[in-house]
Amino acid sequence: MNKTPTLTTLSATALALALGTALALSAAPASAADDKEKCYGVALKGKNDCAAGPGTTCAGTAKADHQGNAWKYVPKGSCEKTASPTSPTGLGQLAAFKEKKS
Amino acid sequence: MSDQRIFAAALLDPDAPCPAGLTAWNGSDPIQRFAVYRNNVIVSLINALAETFPVTQELVGEEFFRAMAGVFARAAPPKSALLAEYGQGFPAFIERFKPARGVPYLADVARLEMLRVRAFHAADADPLPPDQISQALADSERLPALRVTCHPSLGVLSSRYAVVSLWAAHQGLGDLARVEPGVPETALVARVGLEVQVVALPPGGDALVASFLRGLTFGEAAALAASAAAEFDLTANLALLLRYGVLTDLRLPAEVSP
Numbered sequence: 001m002n003k004t005p006t007l008t009t010l011s012a013t014a015l016a017l018a019l020g021t022a023l024a025l026s027a028a029p030a031s032a033a034d035d036k037e038k039c040y041g042v043a044l045k046g047k048n049d050c051a052a053g054p055g056t057t058c059a060g061t062a063k064a065d066h067q068g069n070a071w072k073y074v075p076k077g078s079c080e081k082t083a084s085p086t087s088p089t090g091l092g093q094l095a096a097f098k099e100k101k102s
Numbered sequence: 001m002s003d004q005r006i007f008a009a010a011l012l013d014p015d016a017p018c019p020a021g022l023t024a025w026n027g028s029d030p031i032q033r034f035a036v037y038r039n040n041v042i043v044s045l046i047n048a049l050a051e052t053f054p055v056t057q058e059l060v061g062e063e064f065f066r067a068m069a070g071v072f073a074r075a076a077p078p079k080s081a082l083l084a085e086y087g088q089g090f091p092a093f094i095e096r097f098k099p100a101r102g103v104p105y106l107a108d109v110a111r112l113e114m115l116r117v118r119a120f121h122a123a124d125a126d127p128l129p130p131d132q133i134s135q136a137l138a139d140s141e142r143l144p145a146l147r148v149t150c151h152p153s154l155g156v157l158s159s160r161y162a163v164v165s166l167w168a169a170h171q172g173l174g175d176l177a178r179v180e181p182g183v184p185e186t187a188l189v190a191r192v193g194l195e196v197q198v199v200a201l202p203p204g205g206d207a208l209v210a211s212f213l214r215g216l217t218f219g220e221a222a223a224l225a226a227s228a229a230a231e232f233d234l235t236a237n238l239a240l241l242l243r244y245g246v247l248t249d250l251r252l253p254a255e256v257s258p
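Residue numbers (the working numbering), protein chains in the order written: chain A, 1 to 102; chain B, 1 to 258.
With the rest of the complex left out, here is chain A (with noise of 0.2 Å):
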């Protein structure tokens, strides 16, 4: 067998100082989009966030525009202040609604 070339490695000084620093920095593990909420009743037929796949039953199965129970990445805060013509308040939610006739 071939002897394989000694490859440089970081000091260990400088991998515990910016893996410590990492540490600290993601100490609030921020899982799923922190920046970003669920909107629910906001997403057009089709345009609902999920990445499954085709022959799944979840990418883009809205089935009609603003599906009360479809939901969409928005920026945070943003969500309650998005038009949605079949949520009962007539702005986006956060939670899963029921639809209110249009």
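Rather than coming from a laboratory, the hints here were simulated on the basis of the structure.
Backbone N, C-alpha and C define an ideal beta-carbon position, used for all residues, glycine too.
There may be inaccurate statements among the hints.
Stated by the list, open to error - Listing some non-contacts, in silico: residues in chain A with all C-beta distances to chain B over 12 Å:
#1 S11
#2 Q93
#3 A95
#4 F97
#5 K98
As the list claims (entries may be wrong) - Taking CB as the label site, the calculated pair distances span:
#6 A:T13 <-> B:R101: 46 to 52 Å
#7 A:T13 <-> B:A230: 20 to 26 Å
#8 A:L91 <-> B:P130: 35 to 41 Å
#9 A:L91 <-> B:Q171: 19 to 25 Å
#10 B:Q32 <-> A:A96: 44 to 50 Å
#11 B:S227 <-> A:A96: 46 to 52 Å
#12 A:T13 <-> B:L176: 43 to 49 Å
#13 A:L17 <-> B:P184: 24 to 30 Å
#14 B:R178 <-> A:T13: 39 to 45 Å
#15 B:L12 <-> A:A96: 40 to 46 Å
#16 A:G90 <-> B:P130: 26 to 32 Å
#17 B:G89 <-> A:A96: 51 to 57 Å
#18 A:G90 <-> B:G89: 42 to 48 Å
Based on these hints, arrange chain B on the given structure of chain A.
Leaving out everything else, chain B in the frame of chain A:
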């Protein structure tokens, strides 16, 4: 050719004659019935591609996309029964598809979308617990020799184009008119919980992740990434990888494979 092969080939070739020996249950013309079936096959494949590549479709419009997808589907029908995985060769096809030359970033946007579907169906893995990182830091002498394991859903795409910004602008995040397509971006695609996330990796992040995946040690991977990109920032890259929970293990090689 066997009857079945003739039948399958005729399904994808609109100029092929209707296979011999077909009969319709209600006595109608088999040629017409076969044409309906042939149409359904190709339309279902085009629909499948449209579901996997929605932004690619938005970039060129439905008519162009469906025509292009039809050429691809006839040339490269699915080899697997899993429709969700169909289209892995589509980005490379787009790259060679002359009419799409005017949209040079189209193939990379398609690659990004394929990575999203792959990430969605990848296995689960728990992110690296903070106390395991603290333990590693407490024994920092060993840090350079540690192996980093990544989440199975993780995918990285280095592009000469602004793939992340282009994709995001089509999700209503950011203004498409202000995206400069020619700015290179590296996309990190990973599933966080149940949702697939797409974020831009800082410079050198692609080399760092690729080195982790190759099984290089932490120290080697960091050094390699630093030599790959002048403005490599290890802290920024690690912070992003930790934030999205894509690092799942950190231990000595001997402990990884006993």
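Going through the hints against the structure:
no., hint, in the structure
1, S11, "7 Å, violated"
2, Q93, "17 Å, holds"
3, A95, "17 Å, holds"
4, F97, "20 Å, holds"
5, K98, "24 Å, holds"
6, A:T13 <-> B:R101: 46 to 52 Å, "50 Å, holds"
7, A:T13 <-> B:A230: 20 to 26 Å, "21 Å, holds"
8, A:L91 <-> B:P130: 35 to 41 Å, "38 Å, holds"
9, A:L91 <-> B:Q171: 19 to 25 Å, "20 Å, holds"
10, B:Q32 <-> A:A96: 44 to 50 Å, "45 Å, holds"
11, B:S227 <-> A:A96: 46 to 52 Å, "50 Å, holds"
12, A:T13 <-> B:L176: 43 to 49 Å, "45 Å, holds"
13, A:L17 <-> B:P184: 24 to 30 Å, "28 Å, holds"
14, B:R178 <-> A:T13: 39 to 45 Å, "41 Å, holds"
15, B:L12 <-> A:A96: 40 to 46 Å, "42 Å, holds"
16, A:G90 <-> B:P130: 26 to 32 Å, "43 Å, violated"
17, B:G89 <-> A:A96: 51 to 57 Å, "38 Å, violated"
18, A:G90 <-> B:G89: 42 to 48 Å, "46 Å, holds"
Going down the numbered hints, you'll see the structure goes against 1, 16, 17, while the others check out.
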